[in-house]
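Residue numbers (the working numbering), protein chains in the order written: chain A, 395 to 747; chain B, 395 to 747.
None of these hints come from the bench; they were simulated from the model.
No false leads were mixed into what you were given.
It does not matter which identical chain is used: a pair holds within one copy or between any two.
In silico DSSO-like cross-links for lysine-lysine, where the CA-CA straight-line distance does not exceed 27 Å: (1) 559 to 730; (2) 703 to 621; (3) 643 to 555; (4) 555 to 434; (5) 677 to 621; (6) 643 to 673; (7) 555 to 730; (8) 559 to 703; (9) 629 to 398; (10) 730 to 434; (11) 494 to 555; (12) 494 to 559; (13) 703 to 673; (14) 643 to 629; (15) 629 to 677.
Protein chains: 2
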Amino acid sequence: MALKNDRFLKALMREPVDVTPVWMMRQAGRYLPEYRATRKQAGNFLKLCQTPELACEVALQPLQRYEFDAAILFSDILTIPDAMGQGLYFEEGEGPRFQKVIRIAKDVEQLPALNVTADLGYVMDTVSLIRRELNGSVPLIGFSGSPWTLACYMIEGGGSKDFRKVKEFMYNNPEVMHLLLEKLAIAITDYLNAQIRAGAQAVQIFDTWGGILTTSSYFDFSLTYMKNIISNLIKEADGRPLPAIVFTKNGGLWLEAIANSGTNAVGLDWTIEIGDARKRVGKSCSLQGNMDPFILCGSDGTIRDEVGKILESFGNGNGHVFNLGHGISPGINPDKVSVFVDAVHELSARYHS
Amino acid sequence: MALKNDRFLKALMREPVDVTPVWMMRQAGRYLPEYRATRKQAGNFLKLCQTPELACEVALQPLQRYEFDAAILFSDILTIPDAMGQGLYFEEGEGPRFQKVIRIAKDVEQLPALNVTADLGYVMDTVSLIRRELNGSVPLIGFSGSPWTLACYMIEGGGSKDFRKVKEFMYNNPEVMHLLLEKLAIAITDYLNAQIRAGAQAVQIFDTWGGILTTSSYFDFSLTYMKNIISNLIKEADGRPLPAIVFTKNGGLWLEAIANSGTNAVGLDWTIEIGDARKRVGKSCSLQGNMDPFILCGSDGTIRDEVGKILESFGNGNGHVFNLGHGISPGINPDKVSVFVDAVHELSARYHS
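Next up, chain A with everything else stripped away, as it sits in the complex (with noise of 0.2 Å):
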């Protein structure tokens, strides 16, 4: 079935469209009540990311409230560790923990390889369910956190404040840490090209964690990993390409590598002014993002400004994927993302004449 509106699609390619494409990392998310009360009906966050129907449900709950682009898959970053045995949950309040974690060269070893069919249906599941709920309305984005942003959760155990685990862990082991970056890489591109499979029609790399990296090792470390899974992504699907977007948060520095990296999109955090990464990547990728979060505080007054400046920051023609520049934060009022969405939309129609 033909999309509806592949505006997100075309802007990922560096094609025309009439009005700038937006949606927003974590867009089904906390900040809806809805969400919150299907995840109280799940019981918890990783029931509900584990029963396709429900997670289908908060996936669309968006995208019935605000003119969205793009859908994508709800589920969590960590859903391959946790296949591998690690043993994912989450404590009230607190970010993702692991049962067990990666503390010896012997762990790394021993980590089983990835079957996604078995190991992780109900993702599939869920992918095939929303494509088939969308209805050709818009695309469905799938995405997988990147090899070093897995491995760090599965050194440190969960999150970190200064990620002393996992680099005492690449300074002293780098060889071991390669043979875990490399597991992971080839259990993410199965896991990516299997969605891509049961219907994700882009696909986004979250390496939430490569900026805290030197910069010799954010190439080795990161990178490469994130340049061997893209080069092994399926390139096109329903007889148009598949576009994979990057999303190093802290990655301003390397933006000239990111966006040679295969990648058809470096996804911006909102520290970089997006017409300085304009000029820096050139023609070579498409750039998503990048407004801070915070400015959904403001007022709508605020938040119509920032849309205005970054769209003119940005400037004429094609490449342009509006996004935050991080996931939406729980507490922001919903009645600011209609008037950040509409900002977009409305805003930026005379940059595409």
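We have chain A already, so just place chain B on it with the hints.
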């Protein structure tokens, strides 16, 4: 009295030196058992800061162990808001907290002007004492938090994961935020000049949280105020120039602008390649940094290799002060610091011939 070792001051002024000078952010700190003993004797961290004899003792401890080329005042970056009546305290195992937080315009308007001599005399006493005890061996660095960084703590009431409160305040009340930053800039200028009069021979502004801002907000709400401070600092002491260092964590995107702020040196975190940074700043200023602090978890060989790579990346010539890209972490083995400091001196000689 003439300085016996003035490498640090010379490097900050881009003058020739025999070897690259080195010091470490948080060099007087919890990784040292003798520090922990003195802190215990003081009762707690704040009392340690407020007792000149003990603060002087811990400031000198690292110099007894290592060949550092500079000492730094031992104090906290939050002495100014504390002196303004915000009520600084520390909870065991937690970061800093304030009893009073800035919530509304009135809180900013009523914030008293700082009288550094009356309110922060203990800091100046500490500076004088350290300077006297150093006895001309190495120069003494004074410091302050940046206006933006102090404002973050004063509005958040402590540290933060997402800085929602301070951003909400800034985006909703930009003019009140500017008033707060102006007041803080005046206080910080007085504070640093008082440290210089008391004996500080260089000053560093810690802009710990500038990196959480968008580019335009960084310029408007952080860098502008640091520029104002720098332009009003005492420019000479003991017949030599008094250099300033600006350290914005995650400020790599804004390097040229920071370098042109009037500062003599830019402190770099570990994410940027120092050779790239040098190309970008040209001859406008010196660079300080920038080894990942967690390299100190590695083997002696790893530490020496990394020191060598950073020296090679900077290359021949003047204008480099070696440092970590962030404060040393409490769990580091003190023996590793010797390896680090000795490697800098030993491996850098060939770049200064």
